[in-house]
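Each protein sequence line maps, in turn, to chains A and B.
Mapping the first sequence onto this note's numbering, position 186 (from 1) lands on 186, and the numbers just tick up by one.
Mapping the second sequence onto this note's numbering, position 302 (from 1) lands on 1302, and the numbers just tick up by one.
One should not assume that every hint holds.
Below, a list of computed lysine to any residue pairs in the SDA-like style, where the Cα atoms sit at most 25 Å apart [unchecked claim]: (1) 1156/B to 123/A; (2) 121/A to 1156/B; (3) 1427/B to 281/A; (4) 1271/B to 237/A.
A short list of chain A residues far from chain B (calculated; beta carbon distances all over 10 Å) [said to hold, decoys possible]: (5) 19; (6) 90; (7) 103; (8) 107; (9) 237; (10) 244; (11) 245; (12) 246; (13) 263.
Simulated from the structure, these hints should not be mistaken for lab results.
Glycine included, C-beta positions come from ideal geometry on N, C-alpha and C.
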Amino acid sequence: MSDRLEVRRTAKLFIGGEFPRSESGRTFEVRGADGELLAHAARASRKDLRDAVKAARSAQATWAAKTAYNRGQILYRVAEMMEGRRGQFGSELREAGVDDPEREVSAAIDRWVWYAGWADKLAQVVGGTNPVAGSYFNFTLPEPTGVVGVVAPDEPPLLGLASRLAPAIVAGNTAVVLAGERAPLVAVSFGEVLATSDVPGGVVNLLTGSKTELLPWLAGHMDVNALDLTGCPSELAADVEVTAAENVKRVHRAAPVDPYDPRAQSPYEITALLEMKTVWHPIGA
Amino acid sequence: MSDTKDMRPAPAATPVAPPADWTYAPAPESTDIVRIEDRYGLFIGGEFVEPKSAKWFPTINPATEDHLADVAEAGPEDVDLAVAAARDAYDSTWRDLPGSERAKYLFRIARQLAERSREFAVLESMNGGKPIKESRDVDLPLAAAHFFYYAGWADKLEYAFPHVVPTPIGVAGQVIPWNFPLLMAAWKLAPALAAGNTVVLKPAETTPLTALLLGQVIHEADLPPGVVNIVTGAGATGAALTGHDGIDKVAFTGSTDVGKTIQRQLAGSGKRLTLELGGKAANIVFEDAPIDQAVEGVVNGIFFNQGHVCCAGSRLLVEEPVFEELLDKLKDRLQTLRVGDPLDKNTDVGAINSKQQLTKIRELVDSGVEEGAEIYQPECVLPERGFWFAPTLFTNVSQSHRIAREEIFGPVLSILTFRTPEEAIEKANNTPYGLSAGIWTEKGSRILWMAERMRAGVVWANTFNRFDPASPFGGYKESGFGREGGLHGLEPYLQLEGRP
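Please model the complete structure; the sequences and the hints are all you need to start from.
Here you go:
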């Protein structure tokens, strides 16, 4: 290493395709496994969360209206960008005390590619035509539910984030993510990946800070349609779900499977956050 | 359906005046076929048993207010017994029974329902107030078909969901509404049993009789005791069931308010939940629609089953150029609707299901008048006894009116207009509900374009209120989650573990 002074990164939020600090002006210390101070990351507030939901809602219709093929390409592009940042993700995971950062980064990229490919196949596998008694062409197709609140698991930091976020957005939902607290800088870097991947602003919004503080507001937000609570601390789950009932949010948790196991990836992780629409179209000469 | 060009009247034609006298000779369906017991116990462990609660409640005919029978009111101890019976049956027989054997039981039920369909239909109309032609031609055939459809799935589950191992969940607690008492029991039981679960079913307080008759059918079909248990009662019984520690899955059909209460009740429990809740569906008529057909569809959309339909087309959105024409035709058509004795084979609109529901309808209709909407009701003589409400139209309705926002669950239609397809979409989706929608147009591309933009689980084009066991049904947003019917209707009753 030379004597050159390093240019440090400010760890910001990612909302609507931009990187704001928290409107509250608050930060929190991010320390490595060895106690070393890594950054003062933005500590998102209620207001930041509302801004994130607004950005997600604004982006949703356009994201859903893209062709499935195009959404697949954009998500594949995210994997390309992840690959290019292997070193950065690896060192962030190492600093956070992850034993085998290489393995986790590889698994996260592969998982993302796996889900990207579902974009233009899902409807063929989980939708279909229904043989009704009557002269109607009747078909069922998956559609996005809208805005999904994703509570990213703390463990494993990058693979956990990728495993929850990719299925949430691949079919046209947009997401507000509460980053895992163990290695929040991984989420910050992931925002930078998204920003350089043709993912339209607002499709993914990443908030670092305290889940305990933000979760009640996410669960109670009337413009959030569904929650992935995989990363929700168990002591908060009951209260969060009570609040979520106010607008009948869909609540999902990942199957309790080792995240490295191939069974952790499934098209049903996608459909858990989708709606099924059935259309009766008349047949007649 | 589509050769409507010929069906539409020439623009200059004057509406045909209805004949002066629409009186029909009575055509009553005989009730001889139905044998109603004095009182009904709970169906637990394959037998009808006296309730431990020692409580009974009366069930009536809403068209006459005549007392029909006394029905057991299941208390917490009774619910305990029912859940325990379901658990025993799950552990000892049902979960490990080959799917092909489960299928045969369900086929038996389907066949027996078809055999006894007249009896069921008459009882359904007596206890619920719906016209006999509807229980006979809609509820019963669909209920039997539903069992028949899911019977065939029981031994084919591994084909339904690729690359997973489908296993049953366990004991399901199911709570159903009063608008389609037997059909909703079929919608709940058939997929649950096909998937290998056992069930405790709670019918609605006001309409327990056909579910209890179904208990008899299940008994006669020799289903292993405890696979299906039926506990009657009101809200407290339902809450005891949905909150019971011994069940693994809850399925509820009913109001959005109660649905939210159940979702809160289950918070943090990890139990599986599906909700099929309220609706405020838009029925959208475009200028190019086959108008006469649309009139029939609009009438069917809101007056079918007295409007006691969660997916009822309770908001009519009409493209402005055809508003006057459609309204005139609707009013004419309303004048010909026959409201009265549910057991008369000519009756179109039967009795309101309960006094409580009638009160709710009246209150909302009053609010419509007070908020400035214009009410229209045809001249019709309503019977003196029983619960009745005349078919009602509201025009001059604003989106902020309660009658345009709240589910009335009665024969009341709110009519609004639009000028562009975009405005129709905006208005149709401007509701917390999202169960169904209707689109009336001759243009196929517009049907699909509109259907894509409806935030609703079921979209009917040039038809309304069609149901089929193969067709998934369920809502977006506050109309609930999960689907009933079709392949998708199996998923709420299965665990889908990935194949290693």
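Against the structure, the hints:
no., hint, in the structure
1, 1156/B to 123/A, "21 Å, holds"
2, 121/A to 1156/B, "23 Å, holds"
3, 1427/B to 281/A, "22 Å, holds"
4, 1271/B to 237/A, "13 Å, holds"
5, 19, "32 Å, holds"
6, 90, "28 Å, holds"
7, 103, "20 Å, holds"
8, 107, "16 Å, holds"
9, 237, "5 Å, violated"
10, 244, "8 Å, violated"
11, 245, "4 Å, violated"
12, 246, "7 Å, violated"
13, 263, "3 Å, violated"
When held up to the earlier numbered hints, the structure conflicts with 9, 10, 11, 12, 13 and fits the remainder.
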